[in-house]
Amino acid sequence: MIRIENLHKRYGDLEVLKGIDLHVKPGEVVCIIGPSGSGKSTALRCINRLEEPTSGRIVVDGHDVMDPATNINAIRSETGMVFQQFNLFPHMSVLDNVTLGPIKVRGAARAEAEELGRALLKKVGLADKADKYPEQLSGGQKQRVAIARSLGLKPKVILFDEPTSALDPELVGEVLEVMRQLALEGMTMVVVTHEMGFAKEVADRVIFIDEGRIQEEAPPGEFFSNPKNPRLRDFIGKVVSHE
Amino acid sequence: MAFHFEPSVVIETIPLLMRGLKLTIFITVGGLFFGFMMGAVAGLMKISRNFWARKTAGFYIECIRGTPMLVQAMFLYFGVPMAMGIRIHPLAAGIMVIAVNSGAYIAEIVRGAVQSINVGQAEAGRSIGLTRFQTMRYVIWPQAFKRMIPPLGNQFIISLKDTSLLMVIGVGELLRTGQEIVAVNFRAFEVYLAVALVYLAMTLSIAKGLRILEHRLHMRTQR
Chain X
1 MIRIENLHKR YGDLEVLKGI DLHVKPGEVV CIIGPSGSGK STALRCINRL EEPTSGRIVV
61 DGHDVMDPAT NINAIRSETG MVFQQFNLFP HMSVLDNVTL GPIKVRGAAR AEAEELGRAL
121 LKKVGLADKA DKYPEQLSGG QKQRVAIARS LGLKPKVILF DEPTSALDPE LVGEVLEVMR
181 QLALEGMTMV VVTHEMGFAK EVADRVIFID EGRIQEEAPP GEFFSNPKNP RLRDFIGKVV
241 SHE
Chain S
1001 MAFHFEPSVV IETIPLLMRG LKLTIFITVG GLFFGFMMGA VAGLMKISRN FWARKTAGFY
1061 IECIRGTPML VQAMFLYFGV PMAMGIRIHP LAAGIMVIAV NSGAYIAEIV RGAVQSINVG
1121 QAEAGRSIGL TRFQTMRYVI WPQAFKRMIP PLGNQFIISL KDTSLLMVIG VGELLRTGQE
1181 IVAVNFRAFE VYLAVALVYL AMTLSIAKGL RILEHRLHMR TQR
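So the sequences go chain by chain: X and S.
Using my numbering, the first residue of the first sequence is number 1, and each one after it goes up by one.
Using my numbering, the first residue of the second sequence is number 1001, and each one after it goes up by one.
Keep in mind that the hints were calculated from the coordinates and are not lab data.
Be aware that one or more of the hints could be misleading.
Simulated pairs of lysine to aspartate or glutamate, EDC-like, Cα-Cα distance not exceeding 20 angstroms [what the hints assert, rightly or not]: (1) X/Lys129 x X/Glu177; (2) X/Lys154 x X/Glu115; (3) X/Lys104 x S/Glu1214; (4) X/Lys154 x S/Glu1214; (5) X/Lys25 x X/Glu135; (6) X/Lys104 x X/Glu115; (7) X/Lys154 x X/Glu217; (8) X/Lys123 x X/Glu112; (9) X/Lys156 x X/Glu28; (10) S/Lys1146 x S/Glu1214; (11) X/Lys156 x S/Glu1214; (12) S/Lys1146 x X/Asp96; (13) X/Lys154 x X/Glu28; (14) X/Lys25 x X/Glu217; (15) S/Lys1146 x X/Glu135.
Since this is a predicted model, take the numbers as computed values, not measurements.
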């Protein structure tokens, strides 16, 4: 579904990504962890080219993302994205947030899009919030709307960029629950996260990125119980002692 | 000869000014209509990815903001027709001057408002597959427009007052109408006071109207 080969990204003299290789199979849930500033979010944002890669190759669902002939908008509509800061459209109702993509990108009729939108809001447990505005929602509710918005395009893969990092601790669970549900339904997901519990339980594969490189890559059992990389051991030690 | 203030002259003058006021309003509204379009285009060009679009808009904005409007009006009305061998109707010239002049200031208002919208909004728009244009049209612009209202109101008031400069190119607007009345009755104090009161009534109403509009727009996202 996603194939990244030798991805490099530099900002001026600062090389953030120093050659990332990553393959994600359809239906797979891959969690990416790592210290802040390690380049994990940058790598994720390169996949739908919100970040312009410096070099390397990224193929999403058979389309070369970096080929100038590729319609990047079409790829993005197949590649959902959920942001740390939600980025809901504050001037639109919750329902309009979800239907904007289906109407403007897919060309759906309003009635049809609204039916889809309400179904998706119900799926994330917010059927009763359709006519509210984002600022009337809690952080957890906003993020669930953002997930519904990305689902509106019926994407083949969803990229999550630290989806629970901006949430109050008591609101993290409701978002993870929705993500867990998506994983169960077979959605392909790449999740940059600090939620070790989620990674352990839901991921098919966990990846540790540090200093712009993938340092370790393993199924969660092996990844957490028997980390080989000393930096990862250190990182897990620090994070777990906090939990 | 001692000066004797005659309040009744002020009262009597105001109805006589209405003809000029109509023209002032017409020029202001017409000028700002085109000025907003020019400003929106120039403001968006200023933040475009295209180098020449940015430079062109920058040149326009700097030239207009760096020269007095009185000079612009005289150049357009007396200078340009001489060079091009055409005649411009004073009213058309007046509207053009207001449009070109306000456009430069509105461009900066538009640019500032658009740039003030969190970059995450554009990213979210692009991430669901909207084109750059659609993202601007449906996501950025509606939010930016709301932020433009207070400074646009300010520009509205400035442009209204600036129309008084157009008397030099023979537009029979409010101030010129007052001047013509003074030429007949020599009551400069009362007549120009009446002129000032009419301008003041206009600007205060605009300010009030804008506060109501802003409040309404605010309410709409609150609900």
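To see whether the hints hold, each was checked on the structure:
| no. | hint | in the structure |
| --- | --- | --- |
| 1 | X/Lys129 x X/Glu177 | holds (18 angstroms) |
| 2 | X/Lys154 x X/Glu115 | holds (14 angstroms) |
| 3 | X/Lys104 x S/Glu1214 | violated (28 angstroms) |
| 4 | X/Lys154 x S/Glu1214 | violated (37 angstroms) |
| 5 | X/Lys25 x X/Glu135 | violated (37 angstroms) |
| 6 | X/Lys104 x X/Glu115 | holds (16 angstroms) |
| 7 | X/Lys154 x X/Glu217 | violated (29 angstroms) |
| 8 | X/Lys123 x X/Glu112 | holds (17 angstroms) |
| 9 | X/Lys156 x X/Glu28 | holds (11 angstroms) |
| 10 | S/Lys1146 x S/Glu1214 | holds (8 angstroms) |
| 11 | X/Lys156 x S/Glu1214 | violated (42 angstroms) |
| 12 | S/Lys1146 x X/Asp96 | holds (18 angstroms) |
| 13 | X/Lys154 x X/Glu28 | holds (16 angstroms) |
| 14 | X/Lys25 x X/Glu217 | holds (14 angstroms) |
| 15 | S/Lys1146 x X/Glu135 | holds (16 angstroms) |
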